[in-house]
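2 protein chains.
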Amino acid sequence: MNPCDSHSPTASNGLTAQSTGREVRQAARSGRLSGHTSGLAREQVQANLAILPASLAGDFLRFCQRNPKPCPLLAVSEPGQYLLDELGEDLDIRSDVPRYRVWQHGELVAEPTDLREFWRDDLVTFALGCSFSFEHGLLAAGIALRHVQQGRNVAMYRTNIATRSAGPFHGPMVVSMRPMKAADAIRAVQITARVPEVHGAPIHLGDPALIGIGNLARPDYGDAVEVLPDELPVFWACGVTPQSAIATARPAFCITHAPGHMLVTDRLNRHLGLG
Amino acid sequence: MNPCDSHSPTASNGLTAQSTGREVRQAARSGRLSGHTSGLAREQVQANLAILPASLAGDFLRFCQRNPKPCPLLAVSEPGQYLLDELGEDLDIRSDVPRYRVWQHGELVAEPTDLREFWRDDLVTFALGCSFSFEHGLLAAGIALRHVQQGRNVAMYRTNIATRSAGPFHGPMVVSMRPMKAADAIRAVQITARVPEVHGAPIHLGDPALIGIGNLARPDYGDAVEVLPDELPVFWACGVTPQSAIATARPAFCITHAPGHMLVTDRLNRHLGLG
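In the order they appear, the protein sequences are chains H and Y. Throughout the first sequence, residue numbering follows this note's numbering, covering 1228 to 1502 in sequence. Throughout the second sequence, residue numbering follows this note's numbering, covering 1228 to 1502 in sequence.
Incorrect hints may appear among the rest.
Which copy is meant is left open, because identical chains are indistinguishable; a pair holds if it fits in one copy or across any two.
Derived pair list, reagent style SDA-like, types lysine to any residue, alpha-carbon separation capped at 20 angstroms [claimed, not checked]:
{"no.": "1", "residue 1": "K1408", "residue 2": "P1280"}
{"no.": "2", "residue 1": "K1408", "residue 2": "V1329"}
{"no.": "3", "residue 1": "K1408", "residue 2": "G1369"}
{"no.": "4", "residue 1": "K1408", "residue 2": "A1389"}
{"no.": "5", "residue 1": "K1296", "residue 2": "Q1376"}
{"no.": "6", "residue 1": "K1408", "residue 2": "S1261"}
{"no.": "7", "residue 1": "K1408", "residue 2": "E1458"}
{"no.": "8", "residue 1": "K1408", "residue 2": "S1304"}
{"no.": "9", "residue 1": "K1408", "residue 2": "R1373"}
{"no.": "10", "residue 1": "K1296", "residue 2": "S1261"}
{"no.": "11", "residue 1": "K1296", "residue 2": "I1418"}
{"no.": "12", "residue 1": "K1296", "residue 2": "R1414"}
{"no.": "13", "residue 1": "K1296", "residue 2": "H1498"}
{"no.": "14", "residue 1": "K1408", "residue 2": "T1247"}
{"no.": "15", "residue 1": "K1296", "residue 2": "D1286"}
{"no.": "16", "residue 1": "K1408", "residue 2": "N1387"}
{"no.": "17", "residue 1": "K1408", "residue 2": "P1435"}
{"no.": "18", "residue 1": "K1296", "residue 2": "R1347"}
{"no.": "19", "residue 1": "K1408", "residue 2": "A1420"}
{"no.": "20", "residue 1": "K1408", "residue 2": "Q1308"}
{"no.": "21", "residue 1": "K1296", "residue 2": "Q1417"}
{"no.": "22", "residue 1": "K1408", "residue 2": "F1480"}
{"no.": "23", "residue 1": "K1296", "residue 2": "R1326"}
{"no.": "24", "residue 1": "K1296", "residue 2": "A1410"}
{"no.": "25", "residue 1": "K1296", "residue 2": "A1393"}
{"no.": "26", "residue 1": "K1296", "residue 2": "A1371"}
{"no.": "27", "residue 1": "K1408", "residue 2": "I1388"}
{"no.": "28", "residue 1": "K1296", "residue 2": "N1387"}
{"no.": "29", "residue 1": "K1296", "residue 2": "A1389"}
{"no.": "30", "residue 1": "K1296", "residue 2": "E1344"}
Just so you know, these hints were derived from the structure itself, not from any lab. Everything numeric in this text was worked out from a predicted model, so none of it was measured.
Kindly produce the complete structure, drawing on both the sequences and the hints.
As structure tokens, then:
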């Protein structure tokens, strides 16, 4: 699974990088948008989504609190609450994401574009920060991102770094990797350290074997990109981590967004301290 | 030359890590202290010193302005001014540094403990930030520094990174190197980025060959320390850079501090944003 899929162009139905969060959500709600949100509403914060029954919500909330770098919480709903004013005007979590994934006991059972038939009064929504936001900041600072240049999805890897468990949720930290020259890596540390809401500073750089990654050319999620001889691989905690923990926990019922089909909020990346 | 020499214990004449800047300066002035200042007055900012004739001061000032990472200016005097209230109470630059070096046409001609017989009305004093300050911050953050643990001087290297020249001042950037695990290197970037007054963020990490360093085991200044397999070498711009540029320019007359015998000011490291 891949919450922050590629930056590839999206069939836009009039939507652009300058669209507002509300315009993107309305397009998703009306069925005009069922594709990726990458490249749309670039000023706005996009979020990873996890929707769990209230019986598991306490455990998952503790899991996020104990692992803030992979699981930076932007918002948590009340049980059954589907209007999330905190994240955006007229935001209905049942309809405003372009595509969802519905899971039962860890198996994918549906990929709907609307949740109304699946909604339950005990569902709690978690919105988690996404690396789209800090990539925006890195690009604004003039730091090239190879996967963006090549229209690929970012490369992601399971590590040997254990998350801190809570209830049934546990498993390895998943990281995303971006190759950079050392001077850019140093600047990227400074830029992303300012935004703990979207994974914060890298958790590793240099030798991948030190965090249990055997082969950079074989990512566990996403697409491989080349690391040039004058570059270092730089690793950030990744929003796939909580999805991986959910997959491990195999809850009787849960919902996530489909990879790359993010919740677009009204929050502004620049309010996170990004350009 | 080495402006920030080892952290080895100093014959203290009652001076300690808790001494004030003024106490250290008074001991230097009275002759009770002619040794290193490392480990003394740890709360206070220590500075590299360069004293040049006014005829060269404009060029050197531009050199510092153009190369702020190796040459972070803390203060510049008026020509002939030897009382530097800006840096400390009752601070007399002619007597308050434990040991000086006097240079003529690039040759060392004296290592006095007092400058009064060398003083001229056209001399301009430059005080430059020193890595003692940020090492204080790194240690306070729990980041071990191997050269400190081993009582050695930090390892320093000439690089293939050119400084931006000004008048006769030019030459390669000199860097200091500290080996760290990646997670500590990432924290060290964040900590030192906050203190541009004392060299700021690293300028490189990882492969030394990329900045023209052939062999880490053979530093150009200071003492080699081992880099373990799970560590990266992390490189900071170093205050030896301006001394190296002065040595290249071979001015008819100039004065520096003797390596490790720093000017101890009244400024507090914690006022730089360091713990």
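Right, here's what the structure says about each hint:
Proximity of K1408 to P1280 under the C-alpha cut-off of 20 angstroms is found in neither arrangement, the shortest distances being 44 angstroms within a copy and 41 angstroms between copies. Taking identical chains as interchangeable, the C-alpha atoms of K1408 and V1329 are never at most 20 angstroms apart, the minima being 40 angstroms within one chain and 41 angstroms between chains. In this assembly of identical chains, the alpha carbons of K1408 and G1369 lie at most 20 angstroms apart only when taken from the same copy (13 angstroms versus 27 angstroms across copies). For the identical chains of this complex, K1408 and A1389 are inter-copy neighbours only, at 18 angstroms across copies versus 28 angstroms inside a copy, given an alpha-carbon limit of 20 angstroms.
In the homo-oligomer, the alpha carbons of K1296 and Q1376 never lie at most 20 angstroms apart, since the shortest distance is 26 angstroms inside one protomer and 31 angstroms across protomers. Proximity of K1408 to S1261 under the C-alpha cut-off of 20 angstroms is found in neither arrangement, the shortest distances being 37 angstroms within a copy and 44 angstroms between copies. Proximity of K1408 and E1458 under a CA criterion of 20 angstroms is satisfied in both settings, with 4 angstroms inside one chain copy and 18 angstroms between copies. In this assembly of identical chains, K1408 and S1304 lie within 20 angstroms of each other by CA distance neither inside one copy nor across copies; the values are 41 angstroms within and 39 angstroms between.
When the C-alpha separation of K1408 and R1373 is checked against a cutoff of 20 angstroms, the pair qualifies only within one copy, where the shortest distance is 12 angstroms, while the shortest distance between copies is 26 angstroms. With identical chains, the CA atoms of K1296 and S1261 are never at most 20 angstroms apart, being 29 angstroms at best within one copy and 49 angstroms at best between copies. Taking the shortest Cα distances, K1296 and I1418 sit within 20 angstroms of each other both inside one copy (15 angstroms) and across copies (18 angstroms). Taking the shortest alpha-carbon separations for K1296 and R1414, both the intra-copy value of 19 angstroms and the inter-copy value of 14 angstroms come in at or below 20 angstroms.
For the identical chains of this complex, K1296 and H1498 are intra-copy neighbours only, at 19 angstroms inside a copy versus 29 angstroms across copies, given an alpha-carbon limit of 20 angstroms. In the homo-oligomer, the alpha carbons of K1408 and T1247 never lie at most 20 angstroms apart, since the shortest distance is 34 angstroms inside one protomer and 42 angstroms across protomers. Only within a single protomer do K1296 and D1286 lie at most 20 angstroms apart by alpha-carbon distance; the minimum there is 17 angstroms, versus 47 angstroms between protomers. Taking identical chains as interchangeable, the C-alpha atoms of K1408 and N1387 lie at most 20 angstroms apart only when they sit on different chains, with a minimum of 16 angstroms there against 25 angstroms within one chain.
In this assembly of identical chains, K1408 and P1435 lie within 20 angstroms of each other by CA distance both inside one copy and across copies; the values are 16 angstroms within and 13 angstroms between. In the homo-oligomer, the alpha carbons of K1296 and R1347 never lie at most 20 angstroms apart, since the shortest distance is 30 angstroms inside one protomer and 58 angstroms across protomers. In this assembly of identical chains, the alpha carbons of K1408 and A1420 lie at most 20 angstroms apart whether taken from the same copy (18 angstroms) or from different copies (18 angstroms). For a Cα distance limit of 20 angstroms, the shortest separation of K1408 from Q1308 qualifies neither inside one copy, at 45 angstroms, nor across copies, at 45 angstroms.
Taking the shortest alpha-carbon separations for K1296 and Q1417, both the intra-copy value of 15 angstroms and the inter-copy value of 16 angstroms come in at or below 20 angstroms. For the identical chains of this complex, K1408 and F1480 are neighbours neither inside a copy (43 angstroms) nor across copies (41 angstroms), given an alpha-carbon limit of 20 angstroms. Within a single copy, K1296 and R1326 get their C-alpha atoms no closer than 25 angstroms, and across copies no closer than 49 angstroms, so neither meets the 20 angstroms cut-off. Taking the shortest alpha-carbon separations for K1296 and A1410, only the inter-copy value of 13 angstroms comes in at or below 20 angstroms, while the best intra-copy value is 23 angstroms.
Proximity of K1296 and A1393 under a CA criterion of 20 angstroms is satisfied intra-copy only: 15 angstroms inside one chain copy versus 45 angstroms between copies. In this assembly of identical chains, K1296 and A1371 lie within 20 angstroms of each other by CA distance neither inside one copy nor across copies; the values are 23 angstroms within and 24 angstroms between. For the homomeric pair K1408 and I1388, the shortest alpha-carbon distance between copies (15 angstroms) is at most 20 angstroms, but the shortest distance inside one copy (25 angstroms) is not. Only within a single protomer do K1296 and N1387 lie at most 20 angstroms apart by alpha-carbon distance; the minimum there is 15 angstroms, versus 37 angstroms between protomers.
For the homomeric pair K1296 and A1389, the shortest alpha-carbon distance inside one copy (13 angstroms) is at most 20 angstroms, but the shortest distance between copies (38 angstroms) is not. Proximity of K1296 to E1344 under the C-alpha cut-off of 20 angstroms is found in neither arrangement, the shortest distances being 33 angstroms within a copy and 60 angstroms between copies.
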